[in-house]
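**Q** So the chains spell out like this:
2 protein chains.
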Amino acid sequence: MTLPIETPAVLVDLDIARRNVEGFQAYADRHGIRVRPHIKTHKLPQMAELQLEAGAIGITCQKVSEAEAMVDASARIKDVLITYNILGEAKLARLAKLNARVSLSVVADNATVIDGMSDYFAGAQEPLTVLVECNTGADRCGVATPEEAAPLARRIAEAPGLKFGGLMTYPPVGGAARVQSFMSEAKRLIESDGLEVPTITSGGTPNMMQAAEAPIATEYRPGTYIYNDRSLVARGVAAWDDCALTVLATVVSVPASNRAIIDAGSKVLTSDLLGLTGYGHVLGHDDIRIDQLSEEHGRLVSDEPIGLKVGDLVRVVPNHACVVTNMVDAVHIIEGGEPKAEWTVVARGRVL
Amino acid sequence: MTLPIETPAVLVDLDIARRNVEGFQAYADRHGIRVRPHIKTHKLPQMAELQLEAGAIGITCQKVSEAEAMVDASARIKDVLITYNILGEAKLARLAKLNARVSLSVVADNATVIDGMSDYFAGAQEPLTVLVECNTGADRCGVATPEEAAPLARRIAEAPGLKFGGLMTYPPVGGAARVQSFMSEAKRLIESDGLEVPTITSGGTPNMMQAAEAPIATEYRPGTYIYNDRSLVARGVAAWDDCALTVLATVVSVPASNRAIIDAGSKVLTSDLLGLTGYGHVLGHDDIRIDQLSEEHGRLVSDEPIGLKVGDLVRVVPNHACVVTNMVDAVHIIEGGEPKAEWTVVARGRVL
Numbered sequence: 011m012t013l014p015i016e017t018p019a020v021l022v023d024l025d026i027a028r029r030n031v032e033g034f035q036a037y038a039d040r041h042g043i044r045v046r047p048h049i050k051t052h053k054l055p056q057m058a059e060l061q062l063e064a065g066a067i068g069i070t071c072q073k074v075s076e077a078e079a080m081v082d083a084s085a086r087i088k089d090v091l092i093t094y095n096i097l098g099e100a101k102l103a104r105l106a107k108l109n110a111r112v113s114l115s116v117v118a119d120n121a122t123v124i125d126g127m128s129d130y131f132a133g134a135q136e137p138l139t140v141l142v143e144c145n146t147g148a149d150r151c152g153v154a155t156p157e158e159a160a161p162l163a164r165r166i167a168e169a170p171g172l173k174f175g176g177l178m179t180y181p182p183v184g185g186a187a188r189v190q191s192f193m194s195e196a197k198r199l200i201e202s203d204g205l206e207v208p209t210i211t212s213g214g215t216p217n218m219m220q221a222a223e224a225p226i227a228t229e230y231r232p233g234t235y236i237y238n239d240r241s242l243v244a245r246g247v248a249a250w251d252d253c254a255l256t257v258l259a260t261v262v263s264v265p266a267s268n269r270a271i272i273d274a275g276s277k278v279l280t281s282d283l284l285g286l287t288g289y290g291h292v293l294g295h296d297d298i299r300i301d302q303l304s305e306e307h308g309r310l311v312s313d314e315p316i317g318l319k320v321g322d323l324v325r326v327v328p329n330h331a332c333v334v335t336n337m338v339d340a341v342h343i344i345e346g347g348e349p350k351a352e353w354t355v356v357a358r359g360r361v362l
Numbered sequence: 011m012t013l014p015i016e017t018p019a020v021l022v023d024l025d026i027a028r029r030n031v032e033g034f035q036a037y038a039d040r041h042g043i044r045v046r047p048h049i050k051t052h053k054l055p056q057m058a059e060l061q062l063e064a065g066a067i068g069i070t071c072q073k074v075s076e077a078e079a080m081v082d083a084s085a086r087i088k089d090v091l092i093t094y095n096i097l098g099e100a101k102l103a104r105l106a107k108l109n110a111r112v113s114l115s116v117v118a119d120n121a122t123v124i125d126g127m128s129d130y131f132a133g134a135q136e137p138l139t140v141l142v143e144c145n146t147g148a149d150r151c152g153v154a155t156p157e158e159a160a161p162l163a164r165r166i167a168e169a170p171g172l173k174f175g176g177l178m179t180y181p182p183v184g185g186a187a188r189v190q191s192f193m194s195e196a197k198r199l200i201e202s203d204g205l206e207v208p209t210i211t212s213g214g215t216p217n218m219m220q221a222a223e224a225p226i227a228t229e230y231r232p233g234t235y236i237y238n239d240r241s242l243v244a245r246g247v248a249a250w251d252d253c254a255l256t257v258l259a260t261v262v263s264v265p266a267s268n269r270a271i272i273d274a275g276s277k278v279l280t281s282d283l284l285g286l287t288g289y290g291h292v293l294g295h296d297d298i299r300i301d302q303l304s305e306e307h308g309r310l311v312s313d314e315p316i317g318l319k320v321g322d323l324v325r326v327v328p329n330h331a332c333v334v335t336n337m338v339d340a341v342h343i344i345e346g347g348e349p350k351a352e353w354t355v356v357a358r359g360r361v362l
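Chains as they are written, first to last, in the numbering used here: chain Y, 11 to 362; chain X, 11 to 362.
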């Protein structure tokens, strides 16, 4: 690869990304599961379009501002689910504008959020579709039991300006059985209350090839699968060759025989560990550990002589691809092994 | 405090920042130490100007692009030290332009970097000032011994286009004695070789009130001291009232009696632990731990009922202030307890 690219830089191999997207889409198609990728991993309209072309029915975003950035950047994004409890007039106003532009849905796990949305959307032209978020073991957001999901579904269905859209969960790794049992019971309760449950949506890349083990779910939201990362290689669900995102860095110092310093620190690789030891994998150097990051320095150590000299380039597979995307204004796109373009990360830093 | 601020948001209390800056400047003035703050903590020209007004002699940056952003944004920044090994023609070209605009110095810890800079600057109008980086125990960059520092000083002094500027180190916590012994010996060796050592610069906020214990150093580069953070409170060198930077967040879910979810995750607070447990301190809620972050969610847990409801605002002191600054396009400035302005973080994301 010829690389006239200044380091540190985030590289994305488009061929690998395309293969990853098509691989899961084929699995989902075989099992009749709709795919709604989470754009948090790439934050790029071009990648969302690639996912839609492969067969995705829409996209998932986590924040209103992220959805705005994606919709503004691509006319082909017409269906967006924001998997977040949205509160406050300023955000609801932005939500209403989005709702007039695309097929939009959001989630809620409590009455305060539902009532706030209803107050705002009661006078709106288009009702807002709201799914109930369910906790199937990740213990983040979500109602704890099917018995709590049912009355929230009823509350949404009766709220002026809102429309009940179904059930959403982000399960823990290995959570397919729990998704199946929770969602089956919640669906039964809601239907026995006279409501339809149009969509049941689950997600998570580590579990995605077991998505069919929770056949109650109609839709799946993988995120990291498009790029993969060291955490997914460690889990055995991807190989290094499946990792589309890497960080290109230069060795700036070799101050000891078994230590080298690269020009990528936590401002590129981030401090995300995801349960791992060390901050990334140096491709082609299995003996090397990245044992410490400061903001602009990555420290590489080995039990052997490190085998790197000042000026050498290395490529690092980060622990967590999604957060690396968020650290840079643009990524370098590699196609056919060569740098092809620089794409602005339009949804970077959108936390509102 | 009235807060018409959308969450999550990074707040910076200007009164506290000013007090922190003046506090260390007074200490340094008493001990005859020149202050050259590291701008990595704030990445704001306005804060650099505040530091210069208080008595700082210039600023420290970590990367060329960071220095460019600061110099472009403030005509009052006229003296910049970049504490980094700089390699490659593209970065050297940018360095040369900067060197024509301000009093600039950089560091090197190896011959490859020195020779690369000399090749580029040999034909330049202005020589580039280069300090030798020394490892006084942090085991990042830097020559390992005074005996290695001396020949590098000689190499710089003899290199066309370069000028030897002195010695630089970033010591570990509690490293003052090692700074004193290493630098004294390095200075002795370099002077006995017939060279002057104009500057000896050390740094680090945790150590700053022991700066005078290494009187060989002429200059000190504190960074985090302007804002402080949870890591410095944990070290006993700051109190919560000294923390100028906080993250304002909204409780979006209380899915269990002892668990609440806020709208600030690792995209604002970052995963930096700095040896701590948990991801920040919720002001006024000593019983609460932030035990888990995903990108857009922070999980708050307590052994007691959590005492928060959906819609509540909380303020979080992050583990590490510098990295939080880097996550947002702008910070909200608080003065006299009220929001006064929004300042663009002009040096955010400058990793080149």
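Because the hints were derived from the structure by calculation, they are not lab data. There may be inaccurate statements among the hints.
A pair holds if it fits inside one copy or across any two, identical chains being indistinguishable in the list.
Pairs of lysine-lysine residues, derived as DSSO-like cross-links and limited to a Cα-Cα distance of at most 30 Å, are as follows [what the hints assert, rightly or not]: (1) Lys173 - Lys319; (2) Lys107 - Lys319; (3) Lys88 - Lys319; (4) Lys173 - Lys350.
Just so you know, these numbers come straight off a predicted model, no measurement behind them.
**Q** State for each hint whether it applies.
**A** Comparing the hints with the structure gives:
For a Cα distance limit of 30 Å, the shortest separation of lysine 173 from lysine 319 across copies, 25 Å, qualifies, whereas the shortest one inside one copy, 61 Å, does not. Taking the shortest alpha-carbon separations for lysine 107 and lysine 319, only the inter-copy value of 28 Å comes in at or below 30 Å, while the best intra-copy value is 54 Å. With identical chains, the CA atoms of lysine 88 and lysine 319 are never at most 30 Å apart, being 50 Å at best within one copy and 34 Å at best between copies. With identical chains, the CA atoms of lysine 173 and lysine 350 are never at most 30 Å apart, being 44 Å at best within one copy and 40 Å at best between copies.
Figure legend: structure checked against the earlier numbered hints; hints not met, in rising order: 3, 4.
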